[in-house]
Amino acid sequence: MCRICRRLHKDCRGTWKYFQDQKRVVDYVLAYNGEEEENPIAHAKRMVYQRNLEQEGLQIETESCQRIHFVKIHVPDQVLSHYCEIMKMQMPMKKLANQDKIIMRDFSIQSTLVKLFRRPMFNFVIIDRSIFAAPEYRLLYEYSRDKPYLFNDREPNFFTPSLRIAVANFILERAYFSNNLDDKKDIGIRRLVEDQVYLDAYPLHDGCTDVKSSCQRALLLQEWASVRKWIKHQPLDHIKEYFGVKIAMYFAWLGFYTHMLIPASVVGLICFFYGLLTYRENRISQEICNDNNTIMCPQCDEYCDYWYLNSTCTISKLAHIFDNEMTIVFSIFMSIWATLYLEMWKRYSSKIQHRWGITEYCSLAEPPRPQYLARLKNIKKTMFNIATGAQEPSPPFWTKKFPSFVYSYSVIFLFILLTIAAVFGIVVYRMSLMTSRNIYGDHGSVSGKLIIFPATTAVINLLVSTILTYAYHYVAVYMTNVEYRRTQTEYNESLNLKIYLFEFVNYYSSIFYIAFVKGKFPGYPAKYNRILHLRQEECSPGGCLMELCIQLAIIMVGKQAIGAVTEIVIPWAIQKFKEFRSVLGIEAEGSDSDERLICCNQWTKDFNLINWNDRSLFNEYLKMVIQYGFITIFVVAFPLGPFFALLNNVVETRLDAKKFLLYYKRAVPQRVRDLGIWYNIMHVVGKVAVISSAFIIAFSSNFIPRLMYMHVVNPDRTDEGFVNHTLAYFNVANFEDHVAPLNSQYTNVTTCRYSEYRNPPDHESPYKRPSIYWHILAIRLAFVVIYQNLVSFVQIVVAWAIPDVPGRLQDQIKREQYLTNEYIIEQEKLKMQRGAAGGGGGDSATAYAQNGYLPSEEDSSLPPEEKLNHQRRGHDADGYLHQPLEDDFDSFQECGIVTSRV
Numbered sequence: 001m002c003r004i005c006r007r008l009h010k011d012c013r014g015t016w017k018y019f020q021d022q023k024r025v026v027d028y029v030l031a032y033n034g035e036e037e038e039n040p041i042a043h044a045k046r047m048v049y050q051r052n053l054e055q056e057g058l059q060i061e062t063e064s065c066q067r068i069h070f071v072k073i074h075v076p077d078q079v080l081s082h083y084c085e086i087m088k089m090q091m092p093m094k095k096l097a098n099q100d101k102i103i104m105r106d107f108s109i110q111s112t113l114v115k116l117f118r119r120p121m122f123n124f125v126i127i128d129r130s131i132f133a134a135p136e137y138r139l140l141y142e143y144s145r146d147k148p149y150l151f152n153d154r155e156p157n158f159f160t161p162s163l164r165i166a167v168a169n170f171i172l173e174r175a176y177f178s179n180n181l182d183d184k185k186d187i188g189i190r191r192l193v194e195d196q197v198y199l200d201a202y203p204l205h206d207g208c209t210d211v212k213s214s215c216q217r218a219l220l221l222q223e224w225a226s227v228r229k230w231i232k233h234q235p236l237d238h239i240k241e242y243f244g245v246k247i248a249m250y251f252a253w254l255g256f257y258t259h260m261l262i263p264a265s266v267v268g269l270i271c272f273f274y275g276l277l278t279y280r281e282n283r284i285s286q287e288i289c290n291d292n293n294t295i296m297c298p299q300c301d302e303y304c305d306y307w308y309l310n311s312t313c314t315i316s317k318l319a320h321i322f323d324n325e326m327t328i329v330f331s332i333f334m335s336i337w338a339t340l341y342l343e344m345w346k347r348y349s350s351k352i353q354h355r356w357g358i359t360e361y362c363s364l365a366e367p368p369r370p371q372y373l374a375r376l377k378n379i380k381k382t383m384f385n386i387a388t389g390a391q392e393p394s395p396p397f398w399t400k401k402f403p404s405f406v407y408s409y410s411v412i413f414l415f416i417l418l419t420i421a422a423v424f425g426i427v428v429y430r431m432s433l434m435t436s437r438n439i440y441g442d443h444g445s446v447s448g449k450l451i452i453f454p455a456t457t458a459v460i461n462l463l464v465s466t467i468l469t470y471a472y473h474y475v476a477v478y479m480t481n482v483e484y485r486r487t488q489t490e491y492n493e494s495l496n497l498k499i500y501l502f503e504f505v506n507y508y509s510s511i512f513y514i515a516f517v518k519g520k521f522p523g524y525p526a527k528y529n530r531i532l533h534l535r536q537e538e539c540s541p542g543g544c545l546m547e548l549c550i551q552l553a554i555i556m557v558g559k560q561a562i563g564a565v566t567e568i569v570i571p572w573a574i575q576k577f578k579e580f581r582s583v584l585g586i587e588a589e590g591s592d593s594d595e596r597l598i599c600c601n602q603w604t605k606d607f608n609l610i611n612w613n614d615r616s617l618f619n620e621y622l623k624m625v626i627q628y629g630f631i632t633i634f635v636v637a638f639p640l641g642p643f644f645a646l647l648n649n650v651v652e653t654r655l656d657a658k659k660f661l662l663y664y665k666r667a668v669p670q671r672v673r674d675l676g677i678w679y680n681i682m683h684v685v686g687k688v689a690v691i692s693s694a695f696i697i698a699f700s701s702n703f704i705p706r707l708m709y710m711h712v713v714n715p716d717r718t719d720e721g722f723v724n725h726t727l728a729y730f731n732v733a734n735f736e737d738h739v740a741p742l743n744s745q746y747t748n749v750t751t752c753r754y755s756e757y758r759n760p761p762d763h764e765s766p767y768k769r770p771s772i773y774w775h776i777l778a779i780r781l782a783f784v785v786i787y788q789n790l791v792s793f794v795q796i797v798v799a800w801a802i803p804d805v806p807g808r809l810q811d812q813i814k815r816e817q818y819l820t821n822e823y824i825i826e827q828e829k830l831k832m833q834r835g836a837a838g839g840g841g842g843d844s845a846t847a848y849a850q851n852g853y854l855p856s857e858e859d860s861s862l863p864p865e866e867k868l869n870h871q872r873r874g875h876d877a878d879g880y881l882h883q884p885l886e887d888d889f890d891s892f893q894e895c896g897i898v899t900s901r902v
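As numbered in UniProt numbering, the sequence shown has no gaps in its residue numbers, which increase by one up to the final residue, 902.
Listed next, the in silico BS3-like pairs over lysine-lysine satisfying Cα-Cα at most 27 Å (straight line):
| hint | residue 1 | residue 2 |
| --- | --- | --- |
| 1 | Lys559 | Lys623 |
| 2 | Lys229 | Lys623 |
| 3 | Lys229 | Lys351 |
| 4 | Lys88 | Lys246 |
| 5 | Lys814 | Lys351 |
| 6 | Lys246 | Lys605 |
| 7 | Lys346 | Lys687 |
| 8 | Lys94 | Lys246 |
| 9 | Lys232 | Lys351 |
| 10 | Lys88 | Lys829 |
| 11 | Lys659 | Lys246 |
| 12 | Lys88 | Lys351 |
| 13 | Lys768 | Lys527 |
| 14 | Lys232 | Lys246 |
| 15 | Lys814 | Lys101 |
| 16 | Lys88 | Lys346 |
| 17 | Lys346 | Lys623 |
| 18 | Lys400 | Lys380 |
| 19 | Lys88 | Lys147 |
| 20 | Lys377 | Lys401 |
| 21 | Lys246 | Lys351 |
| 22 | Lys829 | Lys95 |
Label pairs and their calculated CB-CB ranges:
| hint | residue 1 | residue 2 | range |
| --- | --- | --- | --- |
| 23 | Asn613 | Cys362 | 19 to 27 Å |
| 24 | Asn98 | Pro803 | 22 to 30 Å |
| 25 | Glu764 | His711 | 24 to 32 Å |
| 26 | Arg717 | Tyr308 | 27 to 35 Å |
| 27 | Thr278 | Asp762 | 35 to 43 Å |
| 28 | Asp762 | Leu742 | 24 to 32 Å |
| 29 | Asp614 | His711 | 55 to 63 Å |
Hint data in this document are derived by calculation from the structure and do not stem from the laboratory.
Yeah, the Cβ is synthetic: ideal placement off N, Cα and C, and Gly gets one too.
Assemble the whole structure, with the sequences as input and the hints as a guide.
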């Protein structure tokens with residue numbers, strides 16, 4: 001690195017982000033390859049596109065660094081104010097008199113804990129305000145140049161860097177690169193990057209990362225993204241200022257979710273340690289371990305031999321750790337916890353929404369996607385947008401939207417069936433291994449086989465599900481492109497739903513099989529139920545809950561472990577590979593040439609980072625929501641799930657932060673009001689969890705049969721003899737063909753036992769279901785109904801008792817609205833009085849000129865082609881935004897912007 005570059009590197013105060021005049025900051029960068037033989041079509045598109053950007057008011061400067069050319073873009077303040085109005089941005093107002101009197105106390109988990117205990121106990125987790133200053137309390141209002149008395153828009157930092165990036169991206173997405181007005185698909189930087197007209201388009205990070213400095217990026221990297229800071233709260237307001245609302249909302253939710261896992265982990269550990277401390281006293285495992293005489297029927301056809309019941313001693317003890325008296329308590333707690341978590345999140349996020357000015361944000365006000373407008377270029381049907389108050393293009397429902405929807409989800413359903421088929425294949429594989437001498441033909445411990453066998457198949461299932469995920473993602477994107485999704489938010493939510501449906505089946509289907517299918521319909525030795533001539537799998541005498549625990553632990557913990565490793569390793573490897581391939585800045589060490597100096601700028605460093613796209617954050621949400629399903633739907637089988645999730649999320653938060661700051665290009669700030677479809681998914685998962693827990697307790701554990709035995713069968717009202725009660729007798733002379741052991745080491749075996757409720761062979765109805773079986777089945781079904789309704793009722797009460805918005809916040813919002821409206825009324829009165837005293841509209845014209853509007857028609861000297869360009873972008877010849885009517889429809893389609901006349 002050259003000496004000048006080293007000095008810049010040490011300074012790191014943004015000097016790498018300016019134009020050559022060192023005054024205008026670089027808000028956005030376009031990169032293209034200028035060394036290869038120039039494609040005349042690509043060159044023409046670039047020239048038209050950049051000319052249109054300049055006509056929008058953007059300032060452009062081009063610099064080259066060997067073969068890569070960089071187009072630096074600066075957004076002047078008058079353009080910022082113009083588009084902030086178009087984009088309906090909530091901006092901080094001037095400080096009003098009496099506004100400090102309406103400040104209400106923030107609602108947060110931290111403040112609640114501080115109130116219950118004492119603040120000194122939590123000083124070590126609170127943000128260091130000497131590093132991350134608390135944001136100043138400012139009222140927010142939708143930006144309008146008609147109300148200059150509300151905003152200090154002449155302040156140097158009024159338009160923040162994230163806002164400048166958002167405006168630049170908004171213009172880049174809607175600028176044309178063709179002179180053909182009828183070709184409405186020739187719009188937007190995305191299309192140009194897809195066509196390789198530009199290699200990339202990205203905003204710049206704020207400074208370097210490998211030295212200690214005062215730039216925001218380095219500060220966040222050192223104080224937030226460091227794993228050593230895992231116990232500290234996150235500086236959410238500073239994250240929002242750097243990355244925008246969408247990414248900040250993700251980290252706010254992830255931090256809240258991680259905090260809510262603490263009580264769930266504590267109760268789960270209590271349940272686990274209770275089972276661990278009492279497993280030696282468990283009568284069921286004692287009966288199994290002390291039984292030296294009971295001979296069990298073979299577990300597979302011909303190759304499997306008889307075996308003693310006490311060979312499952314170890315697994316019966318382990319099963320008690322997860323299937324004990326605390327299981328129901330823990331499952332009820334987690335069902336209530338899921339509701340409490342969602343309600344508390346709505347309450348917590350309401351304060352964030354208000355503080356960030358997104359409470360009233362609506363996706364209907366979001367401009368249409370350029371790709372959506374391109375597909376509707378020949379559509380004449382329109383519909384009224386209630387948010388913008390304008391007519392918008394609308395595809396016909398029966399001929400366009402409905403067929404595309406049916407086609408898209410039909411393909412998605414086909415791939416989901418393919419996933420189920422893969423799981424069925426794994427089940428068949430498991431059943432086929434039952435006939436292998438290598439699995440059950442030796443004389444090893446049966447308990448060891450019952451643990452190793454499901455563990456290996458769980459690993460195979462994890463690998464298959466991971467491979468299917470990559471293939472399905474491409475299909476989901478293609479199918480979403482087929483649909484008519486108006487805004488980027490609608491597009492993202494449709495894609496999110498498709499991929500989550502697949503992931504739900506992909507990761508949960510094998511667990512559902514063990515929980516609700518395996519061992520439920522195996523038949524009996526005289527007549528086994530078979531699939532493809534293979535015997536169905538049976539549960540061990542201790543039940544299938546232990547195997548469910550093994551499967552769940554391997555898939556959940558394995559997925560988290562793989563994710564933690566790849567979280568940093570893959571982005572690091574990709575970024576280093578891009579650096580290795582890059583030829584930027586390859587000059588002799590110590591060269592002080594101007595070209596070398598240019599190559600030591602932020603845009604050259606960021607060029608080698610990984611591209612940020614709409615799905616980058618989606619993958620992070622998906623991992624967490626899948627994890628949420630593991631700890632709610634199947635938590636009965638794995639009480640340690642919340643604890644492992646807590647450990648993972650503590651590290652995940654910091655790794656995500658480090659990844660976004662170090663290895664990815666800076667994301668374009670986007671506005672969102674909440675978690676979108678992810679909240680709805682978690683709400684549905686919470687309902688499914690109640691049903692799943694009820695069925696797992698009723699049908700996969702020994703809770704109901706044991707309870708029935710104690711209160712109906714055994715006169716002593718204890719569970720002594722329960723194991724023998726659950727084992728049926730079978731006469732080995734009644735084996736069906738090709739089932740009895742070929743080379744048995746046991747002699748004189750006339751009777752064997754198997755886990756079923758069936759009559760003995762000497763009964764008048766041999767091997768039929770006894771009445772106790774039907775009584776237990778009725779109790780199981782009754783338990784499911786009672787459990788589901790009871791827990792659902794408690795959930796409804798909890799949801800009703802916790803309001804979505806705190807009462808103090810509602811009062812604060814009303815007070816703010818009143819104070820703002822009173823101030824506007826007062827200022828408008830003064831404005832009218834000044835206008836009356838001045839004699840009319842002269843001051844108004846001056847005000848328009850000061851606010852960046854073009855002069856009126858009679859005073860304008862614009863050439864006709866420039867007026868046409870303004871009209872194409874939704875402007876009048878005067879430079880005002882116009883309200884689209886039926887005959888203005890083509891202009892609306894081209895620009896994708898609809899606002900009222902200013």
